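Undergrad: From first to last, the protein sequence lines are chains A and B. Going by my numbering, the first residue of the first sequence is number 1, and it counts up by one from there. Going by my numbering, the first residue of the second sequence is number 1, and it counts up by one from there.
These are computed hints drawn from the structure, not numbers from a lab. Misleading hints may appear alongside valid ones.
Copies of the same chain look alike in the list, so a pair counts if it works inside one copy or between any two.
When the alpha-carbon atoms are kept at most 27 Å apart in a straight line, the in silico DSSO-like pairs for lysine-lysine are as follows [unchecked claim]:
| no. | residue 1 | residue 2 |
| --- | --- | --- |
| 1 | LYS3 | LYS56 |
| 2 | LYS19 | LYS37 |
| 3 | LYS58 | LYS37 |
| 4 | LYS12 | LYS38 |
| 5 | LYS58 | LYS3 |
| 6 | LYS39 | LYS56 |
| 7 | LYS3 | LYS39 |
| 8 | LYS19 | LYS56 |
| 9 | LYS3 | LYS38 |
| 10 | LYS38 | LYS58 |
| 11 | LYS3 | LYS37 |
| 12 | LYS19 | LYS3 |
| 13 | LYS38 | LYS19 |
The model shown is predicted, which means the values in this text are computed figures rather than measured ones.
Here are the chains, one letter per residue:
Protein chains: 2
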Amino acid sequence: MAKRVTGPEIEKLIQLLAKVPGLGPRSARRAALHLIKKKDQLMGPLARAMGEAHDKVKVCSRCGNVDTIDPCTVCTDDRRDQSVVIVVEDVSDLWALERAGAMNAAYHVLGGTLSPLEGVGPEDLNIRTLVDRAAEGDVREVIIAVNATIEGQTTAHYIIDQLAGLDVMITRLAHGVPVGGELDYLDEGTLSAALRARTTI
Amino acid sequence: MAKRVTGPEIEKLIQLLAKVPGLGPRSARRAALHLIKKKDQLMGPLARAMGEAHDKVKVCSRCGNVDTIDPCTVCTDDRRDQSVVIVVEDVSDLWALERAGAMNAAYHVLGGTLSPLEGVGPEDLNIRTLVDRAAEGDVREVIIAVNATIEGQTTAHYIIDQLAGLDVMITRLAHGVPVGGELDYLDEGTLSAALRARTTI
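So that you can see chain A by itself, here it is in the shape it has in the complex:
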């Protein structure tokens, strides 16, 4: 804003809100005004929730999930089959797979993908801890659920190499046509994969 029209505290709030993904400078102002209007119903509780999350959040030392306890809710859930470990790039992938609700398994969050260009090597990811987990003998299956990108697949190959020789089954997500997807909009790679992996009806 050219001239100041409100207090520095509110301008600071707008500046910080603009750094939240999904909010730009314009929507940060709208969000700030909404928070001000819902001062006691939303801004107060959100400030407290953020403060509490800030103080309590930790990364699970076993699987890399974020939680307020360590080991995390997933690792300590004995109704899950802890012998099946789904390997994901990021915590957001863990959450996405849980929303699908298809598996009742444990997870392992790598924290990214191998990227020599960006200087991300194996030691920067939670790969050592995955191999250690698999070597302990309690893991029956490791499901590689990294993104179907070049970086993801490179990382998958590295992990498969590291797990070689251990007594675990290694699987990966199926490639194919997304449910609800239209063939016309899909790339050739996906269509080829879907054809190769065709199933009988």
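Once you've looked at the hints, dock chain B against the given chain A.
TA: Chain B in isolation, oriented as in the chain A frame:
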């Protein structure tokens, strides 16, 4: 999420973030993960900024702007021409006009528009205080800058009636073609208004 995969504090944070305009349930999760990753650079400062804004924010008793002081930054700015008052529906309109930077005037925030259907009458808006301000004798011009909607125009007419008899000039924003706008995409009302208000070159 079907099963809990993280602590209740983090789920609470996601729930509250989803209520911020601009963020839905999916982007709230992404925002929460980003905040967790930027715990000390963003989540902590944002929690403090929200807490501080929550404690300090007030509505200016003179013009209806939101600020941390009362009267607000705009009302106490003696480099502004306080004898010109721009009447807007909402604080967001005040901020939008200030970004344009075209006027160095004072403001009056109505807090909405008249809406008999929704039970919003003149006493629910800051109209009485506007008339009082105009009656004090220090106001030379009142610029009606409400939205060009039916509700906005109804409210404008009511305000003009209330200001009748006072020694103030009443003006309104010009209608016309938006700068950068294409005629083909504009409605007939706007085009008619732009033709009627045509200017010599």
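Undergrad: Decide, hint by hint, whether the structure agrees.
TA: Going through the hints against the structure:
1. In this assembly of identical chains, the alpha carbons of LYS3 and LYS56 lie at most 27 Å apart only when taken from different copies (21 Å versus 39 Å within one copy).
2. In this homomeric assembly, LYS19 and LYS37 come within 27 Å of each other (Cα to Cα) both inside a single copy, at 21 Å, and across copies, at 13 Å.
3. Within a single copy, LYS58 and LYS37 get their C-alpha atoms only as close as 32 Å, which misses the 27 Å cut-off; across copies the closest is 10 Å, which meets it.
4. In this assembly of identical chains, the alpha carbons of LYS12 and LYS38 lie at most 27 Å apart whether taken from the same copy (18 Å) or from different copies (17 Å).
5. Proximity of LYS58 to LYS3 under the C-alpha cut-off of 27 Å is restricted to the inter-copy arrangement: shortest distance 19 Å between copies versus 41 Å within a copy.
6. Both within a single protomer and between protomers do LYS39 and LYS56 lie at most 27 Å apart by alpha-carbon distance, with minima of 24 Å and 11 Å respectively.
7. In this assembly of identical chains, the alpha carbons of LYS3 and LYS39 lie at most 27 Å apart only when taken from the same copy (25 Å versus 31 Å across copies).
8. Taking CA atoms no more than 27 Å apart as the test, LYS19 paired with LYS56 passes in both settings, with 22 Å inside one copy and 22 Å between copies.
9. With identical chains, the CA atoms of LYS3 and LYS38 are at most 27 Å apart within one copy only, with a shortest distance of 26 Å there and 30 Å across copies.
10. For a Cα distance limit of 27 Å, the shortest separation of LYS38 from LYS58 across copies, 12 Å, qualifies, whereas the shortest one inside one copy, 30 Å, does not.
11. Proximity of LYS3 to LYS37 under the C-alpha cut-off of 27 Å is restricted to the intra-copy arrangement: shortest distance 23 Å within a copy versus 34 Å between copies.
12. With identical chains, the CA atoms of LYS19 and LYS3 are at most 27 Å apart within one copy only, with a shortest distance of 22 Å there and 30 Å across copies.
13. Taking the closest pair of Cα atoms, LYS38 and LYS19 come within 27 Å of each other both inside a single copy (21 Å) and across two copies (10 Å).
Against the hints set out earlier in the document, no violation occurs for any number.
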